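Chains A and B, in that order, give the protein sequences.
Each step along the first sequence adds one to the number in the numbering used here, with nothing skipped, and position 91 is 91.
Each step along the second sequence adds one to the number in the numbering used here, with nothing skipped, and position 107 is 107.
Just so you know, the hints here were simulated from the structure itself, not pulled from any lab data.
Note that the coordinates shown come from a computational prediction; the quantities given were computed from them, not determined experimentally.
Take every hint as true, because none was put in to throw you off.
Copies of the same chain are indistinguishable here, so a pair counts whether it falls within one copy or spans any two.
Restricting the straight-line Cα-Cα distance to at most 27 Å, the calculated cross-link-like pairs of lysine-lysine (DSSO-like) are:
no.	residue 1	residue 2
1	Lys-117	Lys-13
2	Lys-296	Lys-81
3	Lys-296	Lys-58
4	Lys-321	Lys-296
5	Lys-228	Lys-13
6	Lys-157	Lys-228
7	Lys-228	Lys-4
8	Lys-4	Lys-81
9	Lys-58	Lys-287
10	Lys-4	Lys-117
11	Lys-342	Lys-393
12	Lys-157	Lys-197
Protein chains: 2
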Amino acid sequence: MIIKQQKIAQRVKNIEVSAIRQMPILAQQYDDTVSLGQGIPAIPTPAYIREGVIELLKSDDNIGKYSLQPGLPELKQEIAKRVGQDAGRSVAADEEVIVTVGAMEGLVATIMALVEKGDEVIIFDPSYASYQEQIALAEGQVVPVPLRADDWSLDEKALRSAVTTRTKAIIVCSPSNPTGTVFSRAELAVIAEVAIKNDLIVITDETYSFLTYDQAEFTSLLTFPELKDRLVVCRSFSKEFAMTGWRVGYIYGPAYIIEQALKVQDAVVICAPTISQQAALIALTGKPQANDVDIKGVLAARRNFICQRLDQLPDLFSYTKPAGAYYILARYLKKTAWDSDKFARTLLAETGVITIPGGAFGSQSEGCIRMSFGGTEEDINEAFNRIEARNKKL
Amino acid sequence: MIIKQQKIAQRVKNIEVSAIRQMPILAQQYDDTVSLGQGIPAIPTPAYIREGVIELLKSDDNIGKYSLQPGLPELKQEIAKRVGQDAGRSVAADEEVIVTVGAMEGLVATIMALVEKGDEVIIFDPSYASYQEQIALAEGQVVPVPLRADDWSLDEKALRSAVTTRTKAIIVCSPSNPTGTVFSRAELAVIAEVAIKNDLIVITDETYSFLTYDQAEFTSLLTFPELKDRLVVCRSFSKEFAMTGWRVGYIYGPAYIIEQALKVQDAVVICAPTISQQAALIALTGKPQANDVDIKGVLAARRNFICQRLDQLPDLFSYTKPAGAYYILARYLKKTAWDSDKFARTLLAETGVITIPGGAFGSQSEGCIRMSFGGTEEDINEAFNRIEARNKKL
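Here chain A stands alone, though its shape is the one from the complex (with noise of 0.2 Å):
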């Protein structure tokens, strides 16, 4: 007879699955449901990068080899020049740069690298759910900063009071999955300013770069120079270029980091997928055809699509157009009372509209649910469409 309870770790009893990945799985048991759940962008991998990988296919016996464990030394190169040019400064592939299992396991790297018992670890109120259960792997206490709840920017006071001199680092998200906001320059220099005034490392997951709206600009940390020595950068090719699941993104950061990051990496997977790290290489290197979507052009016409149909429903939601990345935090005005897991399950057995519900991204968020517009315009008109017909009843 086993006690199941006694055989599991504490770590792992205190962390969940992301909503992000349950409420797709929850939503199998429901037939015709749409998706605002998932950020997945309904565009295929674009057909140069595919096309480029059906060649190695065809003529690289060593595609389906492991590559060396820090990842293709071309791609590194690749990888380093990039990262070089964002930050104005010469960046060394071999000592400061890993290809990793999407932003996602450069994350938890990076986190491992670092994170023990009895340490703090600041994120900011919402943000992206795994940080947590990443932190909770790694046994460090995390410390929730509210971002103001009116338009998610920072506040500043919020965050200078939460260092403590067990503080060991803040991870930053920005453009920000869930809330769709961009640090400002003001923004993101009160946080530099904070992690050298207090010795911290400053993670940021930089997933979303390439994706603002109008007059929103994007600023890398990589542009604080006085950062370098406490900065890590962990970036995806998912949502840049459509390929979320290949699962290769990558990490750069000062080498004395790296090198212990590359431990945790090497006993979690050994190496990136070789193939999806060939492709990576073809998408930073190669050219998009003339019939390969133009990514971001079309997630801003979603974004406009999806804020319409938001502001047709004053007396549901209220919410704040997002700057960037390709989420909408939306607050549900009705049926207040529920809990933001209640109300997505709800309107998914209701409507089978996939959401995420809002309190998976922090106690800020409670209250919201999380919509992606990474789907298709029909998609979209759909969810709303099931939605505006549900509200009338509610």
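Position chain B against the provided structure of chain A, taking the given hints into account.
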């Protein structure tokens, strides 16, 4: 000014990138190397798999997108069928199976789900190097149980005396990397009995289950029904289908462990690469083409070949002929004062032959080097020509 050592978590200070991955990186500084190092079969991924993937790259817009987090449902069904056949019982694809980023991520997800500070985990000495690092990542204590040094068989007494009240699990790898031995049913029965008597979890790495030679027969711990509630089986497509670089494998275990391992996977990689999962599905359901290599047959021939070459160097190496997998632990009989790291590095520097120092696998294999015979016959031949020439001067 950053005090770098203060930033790094203790868990990573305790571990290293496996020598299996370090040696190929080290080898980059030399011209004209030949590898008996990392376990990459010099066999391309079979054409039926590559061609199936090419078709999907042309026709399936979802090939570039995330799969459901625990894996593609069709692939999980095929895996459940296969495991069910091996176990002689029905397997619940949704509750007992996860598709993982190689067996490695399955192992680490299992270990992180079970092991915490204060827990002891038994591994055999020698065994695959990454188990130590994975246990250390989970802050568990590695308890090495020596195998018999004459033939790397189980030392029952050593196993029994290693169990304490803090023992959480035993990790088994048969056919074994690095020893090439295959545990008999009798040896596995002892492990099963010890596990049940002491209420332990058994984690079995069956990466090489398909690969035994001569009269050796692989027995899966799946065929011990009494272990059902305490057994996690980790398998890989890497070696059986020459798919090391695709990074896809799976774990099967009781639902109460699998649901926790899923949380770790979610926080670490989200899901296995979709393209690799599709490749795995083709591997299981497709048909090899006439010109696809018979992987097992090729490796059996290479094993005989490398043994012949070793037998011609009785003054330099002694070894146990492998019954499975594609590794040989060769004990060096000259320069025995050198540790295996020095021996392997010197061999690399002087001859360009890459091997892995035995010390990476445990204290019992100190004084040995691990040779992989996954390479081509030409490579093995060239490596031994160089070793033979060098041997004359030792």
